[in-house]
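Starting from the structure of chain A, add chain B where the hints point.
Heads up: the protein sequence lines correspond to chains A and B, in order.
Each residue of the first sequence is one higher than the last, beginning at 1 in my numbering.
Each residue of the second sequence is one higher than the last, beginning at 1 in my numbering.
No wet-lab data here; the hints were simulated from the structure.
Treat the hints with caution; some may be incorrect.
What the hints assert, rightly or not - Here are some chain B residues the structure puts well away from chain A; computed CB gaps all over 10 Å: (1) 18; (2) 46; (3) 88; (4) 112; (5) 128; (6) 163; (7) 207; (8) 209; (9) 226; (10) 243; (11) 266.
To be verified - Output of the computed footprint for chain A on chain B, the stretches with three or more beta carbons under 8 Å from beta carbons of chain A: (12) 6-17; (13) 194-203; (14) 267-276; (15) 315-323.
Each residue gets a CB set at the ideal place from its N, CA and C atoms; glycine is no exception.
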Amino acid sequence: MADGFCKAFTIPGFALPSLVARVGARLPQWPHAVALAAGFNAVVRMGLLPGENLALLENRSFLIDVLDTGCRAAFTFRDGRFRPLFSVPDAPDLAFRANLSAFLQIAARQEDPDTLFFKRALSVEGDTELGLVVKNMLDAVEWPRFPGMAAPPLIRR
Amino acid sequence: MPHCKIPELVCPAGSLPALKAAVDNGADTVYFGYRNDTNARNFAGLNFDRKAMVEGVAYAHARGRHVLLAINTFPQPGREADWHAAIDGAADLGADAVILADVGLLDYARSRHPGLRLHLSVQGSATSYEAVNFACREFGVRRAVLPRVLTLAQVERVIRNTLAEIEVFCFGSLCVMNEGRCWLSSYATGESPNTLGACSPARFVKWEKKPGRMDTRLNGILIDRYDDREPAGYPTLCKGRFEVNGATYYALEEPVSLNALELLPEIARIGVAAVKIEGRQRSPAYVAQATRTWRAALDALGEGPEGFTVRPAWRAELGKLAEGAQVTLGAYDRPWR
Numbered sequence: 001m002a003d004g005f006c007k008a009f010t011i012p013g014f015a016l017p018s019l020v021a022r023v024g025a026r027l028p029q030w031p032h033a034v035a036l037a038a039g040f041n042a043v044v045r046m047g048l049l050p051g052e053n054l055a056l057l058e059n060r061s062f063l064i065d066v067l068d069t070g071c072r073a074a075f076t077f078r079d080g081r082f083r084p085l086f087s088v089p090d091a092p093d094l095a096f097r098a099n100l101s102a103f104l105q106i107a108a109r110q111e112d113p114d115t116l117f118f119k120r121a122l123s124v125e126g127d128t129e130l131g132l133v134v135k136n137m138l139d140a141v142e143w144p145r146f147p148g149m150a151a152p153p154l155i156r157r
Numbered sequence: 001m002p003h004c005k006i007p008e009l010v011c012p013a014g015s016l017p018a019l020k021a022a023v024d025n026g027a028d029t030v031y032f033g034y035r036n037d038t039n040a041r042n043f044a045g046l047n048f049d050r051k052a053m054v055e056g057v058a059y060a061h062a063r064g065r066h067v068l069l070a071i072n073t074f075p076q077p078g079r080e081a082d083w084h085a086a087i088d089g090a091a092d093l094g095a096d097a098v099i100l101a102d103v104g105l106l107d108y109a110r111s112r113h114p115g116l117r118l119h120l121s122v123q124g125s126a127t128s129y130e131a132v133n134f135a136c137r138e139f140g141v142r143r144a145v146l147p148r149v150l151t152l153a154q155v156e157r158v159i160r161n162t163l164a165e166i167e168v169f170c171f172g173s174l175c176v177m178n179e180g181r182c183w184l185s186s187y188a189t190g191e192s193p194n195t196l197g198a199c200s201p202a203r204f205v206k207w208e209k210k211p212g213r214m215d216t217r218l219n220g221i222l223i224d225r226y227d228d229r230e231p232a233g234y235p236t237l238c239k240g241r242f243e244v245n246g247a248t249y250y251a252l253e254e255p256v257s258l259n260a261l262e263l264l265p266e267i268a269r270i271g272v273a274a275v276k277i278e279g280r281q282r283s284p285a286y287v288a289q290a291t292r293t294w295r296a297a298l299d300a301l302g303e304g305p306e307g308f309t310v311r312p313a314w315r316a317e318l319g320k321l322a323e324g325a326q327v328t329l330g331a332y333d334r335p336w337r
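So that you can see chain B by itself, here it is in the shape it has in the complex:
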């Protein structure tokens, strides 16, 4: 049997119960963020205050798991100190690494906390080994999370040409796959993940129930219209149905979720160090279900990649959690280049 290292399972937590659910269901590592705009899931009531963080880190470390702190937005002019304080806090807390996107913050962390392990966020948008190697060389980045725009062949090419560990998304909602460079939310609302830490913030969202249908609007813009039996999605501009040249369809992106389960043996073979589940904005129930399913799959892979098959129960469990209730292999398997 060829040597096949089982990738680390990295799971999301938007609350302390979600963190515990991830740990209890087999996450190797949990990632979370502060309750402010230093992270890209800055939603009302979500995320960790200091007390919850301390307890969360202790809970994970006591069980031999790792914690990563996402500080993956870009400092706003004049407020750099808030982002610096977040990094100082992570070092204080004993986080196993921080996930950063901004080069200024990478530089700050590197010079101020040389012992703090650095991961390059997906928001950092490094799609080539040259970009990853630059981050390694200049800031001592140990791991890069690749944007969801690459095919597996391209991911393999990055891995073969870098010493950094490579982490890829394996499950969860997809965005327009232009991470770190997308301004669609800003176009519609004036706020975006890069600025205020949230795509399509909830205060701009309206669900309008009408007889037989539901309209969803983002800052007044009609994003989609569902009949009563149709699965719905969160109204982001990229996943809306629009009229283009007389036809109404998902003009930018289908509202589907990534599920790379069937590519798992290939992901492990090419040397991906970690697979990541998206969804810090989701509930502990989602975290438990997604984590448990991926743990089972990774454990099965550990018994030998030859015999690995995707079990129907896994497929059903993950399919149920998906936004739009449809799953895709995303860019990993696209035939076009």
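Okay, chain A solo, but in the shape it has when bound:
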């Protein structure tokens, strides 16, 4: 775009072909939950999530539902660790549902979750306050800069 106004790299909004979700939904779902819980636990070990907020997650159930891949991951937080749930609860305390692109845009801090929510590209169901705790906790994480890694494109002037 003109005058260098736009950032160098953006994750586009996209939806995968519906075949992907049909196949994905037939695959075992537990590996996603195990991988996600392990990732979050690594973040906990690095001390990036404040303890007072983590306490608010205790024994609550969470579901991440990636609509266009058909992948779902359910997990809970107990005794200082995220733990995968091997069966998806009927009514999790908090469920985030979106296409893969929206989750990637949130993870890269490219899009504001509120923006995606207002656009109906992200759905949040369950305990709204718990959702806010999770969103604000992730927003407040100071991701470490690894050597050789450029600053995220968003915060480059």
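Relative to the frame of chain A, chain B by itself:
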């Protein structure tokens, strides 16, 4: 070319990464609050603890930017000490100013910390130059943030009749435009920005997904119903659709966001000292996008107001961030008085 001072860009931060995003993307000043009910964005997990504040202030000051601490709620009976401690903490921290609404707190800050610069919050609801001048005279207030109820002509009238700097909102969610005096949230939930520091607190909010639609409720009150393609908004009573005399519509206020970009040359011409972006409750991504866009616009204005035009890229970027995905000039441009 007539002299045209470029307004200071004041940006929101609900977290340390948001503060850094604001500074890195060109904010002149960042405003933030404590993690408690001394500020009007008291949402779960949002805002700054002491450690984050110290780091945030150091980050901004090292880059020559200013920080403002919002202590813009009204002390609850018997708990005044919490608000006083917040003001003492701001002075300690080296904040460049505190944003206050309550006259008791203005008085406390003035007498206890005479060197601390005071800004009158939008929640202080000063809509006339008489009100602004009262705050200047009695408490030494240096800047007032005007409520979003005035037309630009009225803003200009205030500026011409006061020595205080005037700050106006330029972008972000609009509320019912009755700042500091609104009890709608209290009516629905028993809690409001003035009391607990949050409008329509999240624990009262329910998003109910039904086939083909989503219902939003605030403490059980149905606020709105969206079909699956309709943009949604946060369920505050003022932005609900209600049945009035047989018609269902936004009876109080349309759920739109303020975007005063196209009024920027006029805002600068009348002598507005600072323009403010709303949204401490939003993510670092929002802060980065909104700040970067307004910085670009202010820089373009600095090259001369005659040639200033709103670029389509700015319009698109800000339009995307808006609640309800619609933008308005708000009261600044209303024809009625």
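Tested hints:
1. 18: With a cut-off of 10 Å, residue 18(B) comes too close to chain A, as the shortest Cβ separation is near 7 Å.
2. 46: Answer for residue 46(B): violated, closest chain A Cβ roughly 5 Å.
3. 88: holds, 23 Å
4. 112: About 29 Å separates residue 112(B) from the closest Cβ of chain A, which puts it past 10 Å; holds.
5. 128: It holds; residue 128(B) is separated from chain A by about 34 Å at its closest Cβ, greater than 10 Å.
6. 163: holds, 35 Å
7. 207: violated, 6 Å
8. 209: violated, 6 Å
9. 226: violated, 8 Å
10. 243: Non-interface label on residue 243(B) holds, nearest chain A Cβ at 24 Å vs cutoff 10 Å.
11. 266: holds, 23 Å
12. 6-17: holds (count 4)
13. 194-203: Since three or more residues must qualify, the claim that chain A covers the stretch 194-203 of chain B holds, with 3 doing so at under 8 Å.
14. 267-276: Answer violated; 0 residues pass the 8 Å Cβ test.
15. 315-323: holds (count 4)
Hint check: violations occur at hints 1, 2, 7, 8, 9, 14; the rest are consistent with the structure.
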